[in-house]
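Visitor: Build the complex: two chains, separate frames, hints provided.
Read top to bottom, the protein sequences are chains A and B. First residue of the first sequence: 1, per this note's numbering; consecutive thereafter. First residue of the second sequence: 142, per this note's numbering; consecutive thereafter.
Please note that a few of the clues may not be correct.
Stated by the list, open to error - Here are some chain A residues pointing at chain B (derived, C-beta under 7 Å):
1. W21
2. G28
3. D29
4. T32
5. A36
6. W44
7. L47
No lab work stands behind these hints: they were computed from the structure. Where a beta carbon is used, it is the ideal one built from N, C-alpha and C, also for glycine.
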Amino acid sequence: MTRAKAGAPRDAGKRTGLRAWLPLLRPGDWLTVGSAAAGVALLWLALGSSGPAQRAQIRAGGRLVAELPLTIRKTVEVAGPLGLTRIEVETGRARVASDPGPRQYCVRQGWLDRPNAIAICAPNEVSLTLAGTSVHDTVNY
Amino acid sequence: MTRSTIELIATEQDQRIARYAAAAIALGVAEAAIPSPLPGIKPGLANIVTLVVLARHGWREAAWVTGLRVLAGSLLLGQFLAPGFFLSLAGALASLAALAACVRLPSRWFGPVSMSVIAAFAHVGGQLVLARLWLVPHDAVFLLSPLFATAALLFGVVNGLAAARFLEGDAAGEVRHPS
Chain A
1 MTRAKAGAPR DAGKRTGLRA WLPLLRPGDW LTVGSAAAGV ALLWLALGSS
51 GPAQRAQIRA GGRLVAELPL TIRKTVEVAG PLGLTRIEVE TGRARVASDP
101 GPRQYCVRQG WLDRPNAIAI CAPNEVSLTL AGTSVHDTVN Y
Chain B
142 MTRSTIELIA TEQDQRIARY AAAAIALGVA EAAIPSPLPG IKPGLANIVT
192 LVVLARHGWR EAAWVTGLRV LAGSLLLGQF LAPGFFLSLA GALASLAALA
242 ACVRLPSRWF GPVSMSVIAA FAHVGGQLVL ARLWLVPHDA VFLLSPLFAT
292 AALLFGVVNG LAAARFLEGD AAGEVRHPS
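Next comes chain B alone, as it looks inside the complex (with noise of 0.2 Å):
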């Protein structure tokens, strides 16, 4: 006889990814409750939970939040393989690699709300390329970005502040324990 019993050890990154992605989820879902005037323009509240674990943990583990964020949210939306879901993934590939970059850049310098706009900016991008590419093959599409790109500036600077006032106490802990 063998044993045919998978043992899958959750460590203590996968919860807590998993924490931070439950969060990301309820916001990402609550948010979808809030009318807006275009479709497609969203505040993006939960990437202000990538944006805080980016900062604590790391890229690798904010990709992995936002990726079980879009994943599990168009589930539970019922967006799965929609097109919202398409775009919402092509946003998210977007920020997560202007995110990549970003991290480069000295942190005396550029804070979370740096990262925020910037990512927004991205995700904005990336969704008109694939709206372009895909769903609108016609130039007319850009005419939209002015007040996306707009949107994007707001909302950048809104999360991003939320960020990092949320990590506020971090900066205050690494102080007093310098290591």
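Bound-form chain A, shown alone (with noise of 0.2 Å):
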């Protein structure tokens, strides 16, 4: 069997290095690197940049009323218009264990360990949100 396509002429002996990659790439080329490159940065900046989180924020009727931090094990019990709504807070994590709405996606939730993760409980206005190292935006003492 004949390889036709094999022993192609090569002239790299000529060139060494990174320069001798350089001619590979077509101006086009440089547009798509360079904007794929882009989206990478863009989405390490949205996705990959927010440390664990730190504090789970309880919020009833658009009031903070409990800050804790994710470090001590402890549970919290809201009062909204429904009735009680209980938040349970672990290490490094936080959920609604449960609430008196009549579809509660806040409880299906689960357990939240994300910094800016948030469990609404809209009928009984309750919120739990968790904040990272450099979220500062919305406390208020």
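Guide: Right, here's the structure in full:
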């Protein structure tokens, strides 16, 4: 069997190092690689930069009623129009353990463990938000 | 008596596809031996073969080579019909779809590196979508996307350059024989 395509002429000997590879990129390739790199950078900024969650913020009727560090196990009960919403905080995570709301969306979300994660129990006007290290934009004293 | 012998004639094209597919399978199996810090992040060296076939013989043959590579590669690695096979298939189909669109780009401006990078991103995208729909039905899988996208960019460029280097001789040949 003959291999027609084998043994293509190579002039690799003339150029060395990275310079040898640069002519292989056509003008549009720089555009492709550049926009791909920008996209990757944006992805990292959007999804990769946040560190571990540090605090659990509990709001009732829009007001911050409790802010707990995610280092101590604790259960908090918050009163809303429908009744008591029970929130459990553990090391590194928190969840809405029970809620009087009809659809239970916030309970079914389960454990939250990432910064800016939020569980909203809308009928009972209670929300649980996790905050990371550098997110101070909603903290007031 | 009826003749029951079915004769399959392997055309020149069939043999060429088989040769390319064999090369791609060999690269894929060799690559499986390379340890990876994160399961699923691989250089995808077999895609160099796809890019070369795409440039030399068009999208149809590239699709054949890729399909055979995914199928036979998974059989060789004992992955056939395992989740890894479907992820690999989803990635291959997504990147072939992207390449089908890419071949319309003017080749004066966009070379194998563009094809490789775009196909690599499509590959990762297809895999993530399948993983989200089927394996990990939670948006948390997308938290891995920056990592996968970085790998796609890096290996996309490297594989594209390798394919471009491989095709360099073809271009020279074209100049000498314009027909």
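Visitor: Please go over all the hints and tell whether each is borne out by the structure.
Guide: These are the hints, each one checked on the structure:
For A/W21, the interface hint holds, the least distance from its beta-carbon to any beta-carbon of chain B being 5 Å, beneath 7 Å. For A/G28, the interface hint holds, the least distance from its beta-carbon to any beta-carbon of chain B being 3 Å, beneath 7 Å. A hinted interface residue such as A/D29 counts as satisfied when its beta carbon comes closer than 7 Å to some beta carbon of chain B; here the least separation is about 4 Å, so the hint holds. Checking A/T32 against chain B: minimum C-beta separation of about 4 Å stays under 7 Å; hint holds.
This hint holds: A/A36 has a C-beta 5 Å from the nearest C-beta of chain B, less than the 7 Å allowed. Residue-level restraint check for A/W44 holds (minimum Cβ-Cβ distance to chain B is 4 Å; threshold 7 Å). With a cut of 7 Å, the hint placing A/L47 at the interface with chain B holds, because the nearest CB-to-CB distance is about 5 Å.
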